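Just so you know, the protein sequences line up as chains H and S, in that order.
Counting from 1, one number per residue, gives the positions in the first sequence under our numbering.
Counting from 1001, one number per residue, gives the positions in the second sequence under our numbering.
These are computed hints drawn from the structure, not numbers from a lab.
A hint or two may mislead.
Stated by the list, open to error - Okay, the calculated beta carbon distance ranges per label pair:
# : chain 1 : residue 1 : chain 2 : residue 2 : range
1 : S       : S1013     : H       : L332      : 50 to 60 Å
2 : H       : L124      : S       : E1243     : 36 to 46 Å
3 : H       : R230      : S       : E1055     : 15 to 25 Å
4 : S       : P1144     : H       : F43       : 44 to 54 Å
5 : H       : R230      : S       : A1062     : 19 to 29 Å
As the list claims (entries may be wrong) - Sample of chain S residues with no beta-carbon within 12 Å of chain H, all distances over it, derived:
# : residue
6 : D1098
7 : F1140
8 : G1230
9 : Q1237
Note that the structure is a prediction, hence the values are computed from the model and not measured.
Idealized CB from N, CA, C, for every residue including glycine.
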Amino acid sequence: MYALSKRLTDAYSRRFARAVRETYREDEAYASTPLGRLALWAFLLLLLLLPFLLGPYPMYVATLVAIGALSALGLHLLVGGAGQISLGHAAFMGVGAYAASHLFGPLAPLGILLGGLIAALLGLVLALPSLRIKGVYLAIATLAFQFLADYVFKNWEAVTGGIRGRTLPPPQVLGLSLDTPERLWYLVLLFALPLFFYGKRLLMTRAGRAFNAVRDNDLSARVAGVDLTRVKLFAFALSAFYAGVAGGLLAQLYKAVTPEYFPLSVSIQYLAMVIVGGAGTVLGAVLGAFFVLLIPEVLNSFVGALGPEYAATLAAWRNVAFGFLILLFLILEPLGLVGLWGRIRNYFRTWPLPY
Amino acid sequence: MGMILEAKNLHLSFKGVKALAGVEFAVNEGEFFAVIGPNGAGKTTLLNVLSGVYEPEKGEVAFLGQSLKGKSPQERARMGLGRTFQGLEIFRGMSVLDNVKLGAELASPTYPLGLPRAEREWRLRAWAEEVLDYLHLAPFRHAPAGMLPYGLQKRVEVARALAGRPKLLLLDEPMAGLALEEKQDLARFLLDAREEWGVTLLWVEHDLRAVLELSDRVLVLSYGEVLYYGPPEGVRQDPKVVEAYLGHA
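Chain S with its partners taken away, still in its complex shape (with noise of 0.2 Å):
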């Protein structure tokens, strides 16, 4: 198994705070890769380097072998780069089906005039109703999105992320209020995405029972410094992680 992802020594700091100091990590295809930390440890601020919303003052990311210095997210986007966000961001207005297709697009040329042809867009339909069924949104596929359910829009933003297809889907807190059986049905949906189309995960998450469970490899931050980095069923035990992160029992 390749590296997918790799960053090396990034650093970014906010009118002299350090969001992130030195942080270094690779991520394996295939990989369901955890990065947890308290709050303010810059979780969120590194998937936005990593997605191109940010970029680093030092140090480089490289996607598939490729830099990704000065390129913008939606030519990261284009090169395999997911995203969802903390909190939604979904298109509230939109219909969930046109969220998903929006989604699916990513990579499609532009059309003269901008019209597609008939038949593209079926396609496009056929595959979009495939990632709709696969996440149980169908029932759903003509509501306007922002009219639904909470769980389920956190649903509408998995649904169309991975209608682009992406070799790597960065998940920012996935599971932040959902219910535990919400919980375990977008856990399912995502050992399955890997399963059936390939697609490598690097989830930010609370949830720590979660996140040893179902992650392969673990990543600590506080501060903007790396605390731990590798199994998790070494995380427990790190005096140092069990000091920043998880407190004395």
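Chain H extracted, bound-state conformation (with noise of 0.2 Å):
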């Protein structure tokens, strides 16, 4: 009986209990041991089954956490992968919304994809400064691309519909209308998955270690042969096309694409998600959208609750309080979520014996 449960608790051990990697192949995996692949099929599996077990309106929130997440991955990969900042993201974002407005219904996934390529060489162009200029200087060049995408889409009528906008039908795939985020969130899981393992895998092998050299020392990663050019006009591009996709699939879910969705106060909105969730890496875009679009919307619940008489003073301390979240983060955690969440793992993995 003994040796029976010692060879059960063995093979535990050895199957699942294994938080040590033990080889370089395990090192380099997605999930480095037998119990973080479980955990990632997992995931997975709650991702398909999510529209089962929520609400609409939870649905709704979640179908807009996933397509932010995607679009900060995006931003992840420029600002924290290769250290070049962007105030443009929102603008690119509502080029692949205009572009997907244009195709819609059963050419939706079509249409979306257009979007991610038409901003991807938007995002090159805007990519040109940065091969000069750094820091607040780059910053202040795609604040300008900002301010100028927002003129396009407010006047250039004939393609974006002017301040009302364009209203568009919802997707269908293979004669099924995706009217509801229960629906939509399958088509948002068909971008966003692939994109996400991408970035993934990107950030793991070469050209993630060139983006994050040029963010780190451009001197020294020229003299150990990387092109600094390729790198900045990729990272760029693939920002872009990141938060093309994502514009898509937002215009898909609201139905509807109007010059105010995409405000330079989003692109702030994402580069906030960027620093709380923690720069450059996959996890942080997941936990910097979940936390900044969903914060808002649980202090909102919080002062419906409250009782309507009091909604107009705590809508203002709203912001307020959300801003001092994001202060805090700064302060306390310059590694954002990703920091916190790799010391509560760390201290788990050693747990009960941390020494």
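Using the hints, put the two standalone chains together into the complex.
Written as structure tokens, this is what we have:
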């Protein structure tokens, strides 16, 4: 009896409870331990089943967060990965959204993809100043792009519908109308999952290292054989592609596109996601989007619960509370939610014998 | 032994200050070649010219019998010309392992969509681990390079450069700021690298004892001109070097 139970526990610990990576190969994988792999598959399964678990409103919020996370990942690759700042992220989302508003219904997936590609081309253009200027100066250049895009959205009526914007019917896949967030969710997953794995893999391999090298030390990167021009062009185009696809998906969720969806404040909101999430990691993009998009909703419902007579005053305080939370992050945890998560995980990895 | 690097009549000036004025020398394959001289002699400028950060106004550098004229730093790196910097120019936010992997990837091709096959990444890892092991950096592989103590950061830089399998490695004051013991370790690593991987070494260094003990030949610069060029034994005897650099005892 003892022998059997020992065998079982041994098998268990060999299989699942192993928190230490044993080979270089394991160390190079997405999910480094059997337990990690199990968690990954469980998470994917949860994503697939989510519409059956949540009601319409939570599902709407979940879709919003997933699209936000996808777009935030694009900015993470650029800002956290390659160290280039951009205040024009919302503009790229707008480009994707307007492109998608022209190819709708059964063509929606194509429209979303095309929106991403057009945004990527514009991203290449925006990368040009980054070849010459850095930091604050680059921020100003991208800011100019944001305002320019805003102007075009409002005034190129033939394509954008001006300030009234455009509406679009729900996308159709195989004759099925994706008219609810529950159904649209799967279209979002179709785009988001491959792009997430791609982003993760990219950061783990050569391109990611080249990105980081440019971020950390561009002189040394050049002498180590990194082509700065190529890395910057690629990073901007890639980031814009993610934003464009996310924008296209957002247009499907809102069933409309107006210039108000993509102002400068949204660009800044995405930068906040990058900072709060912990720059440069895929997990950071998800956590950042969760925090930035979800907390206002939570604070909203909190304000709602107190009663309508307080609503106006508390709505203002909601913004103050949100700003305060972001400040707290900057001061207490510069690595963002990822840093926090890493510390919790390391604590349990060695628990209960930390020494 | 053939020549691996040949510098002919190099001239470079900054706003009238002559940093290099007709510098000429050649480095033989497998050699440990030293460049010394007082501050402002043009040593770092010389390395910058060799590695392509600056283009000389006159003169030419040939590497492996090929002219380097107009070649960018990354092209030169891919030809097998490695470089470390004075002060620390490592990638501080990246792990030690990623620093070394990046150095090792110099010559590898780019991939469709930027993604290599997993197999290639594993092979890269194996080589990176070999280099880490070699420089006794393996325990720190996942630490962010910028968090390590100074001596180890210096070693990370050498590891990154060696990982690119350079044929010629240019080292700019690799021993500056190291304790005696760390200097001895580094000297051992460099000599072993030459032995094992056939790396030719060219170093700029201020520690005269180390230079004279380790180097096969020495080039002494002062105000951009060559004062001495020959075996280390002759350095202390040369009246011009004593005058400009060593001082009278």
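Here's how the hints hold up against the structure:
no. : hint                              : verdict
1   : S1013(S) with L332(H): 50 to 60 Å : holds (52 Å)
2   : L124(H) with E1243(S): 36 to 46 Å : violated (58 Å)
3   : R230(H) with E1055(S): 15 to 25 Å : holds (21 Å)
4   : P1144(S) with F43(H): 44 to 54 Å  : violated (27 Å)
5   : R230(H) with A1062(S): 19 to 29 Å : holds (27 Å)
6   : D1098                             : violated (5 Å)
7   : F1140                             : holds (14 Å)
8   : G1230                             : holds (29 Å)
9   : Q1237                             : holds (36 Å)
Comparing the model with each numbered hint stated earlier shows that hints 2, 4 and 6 do not hold.
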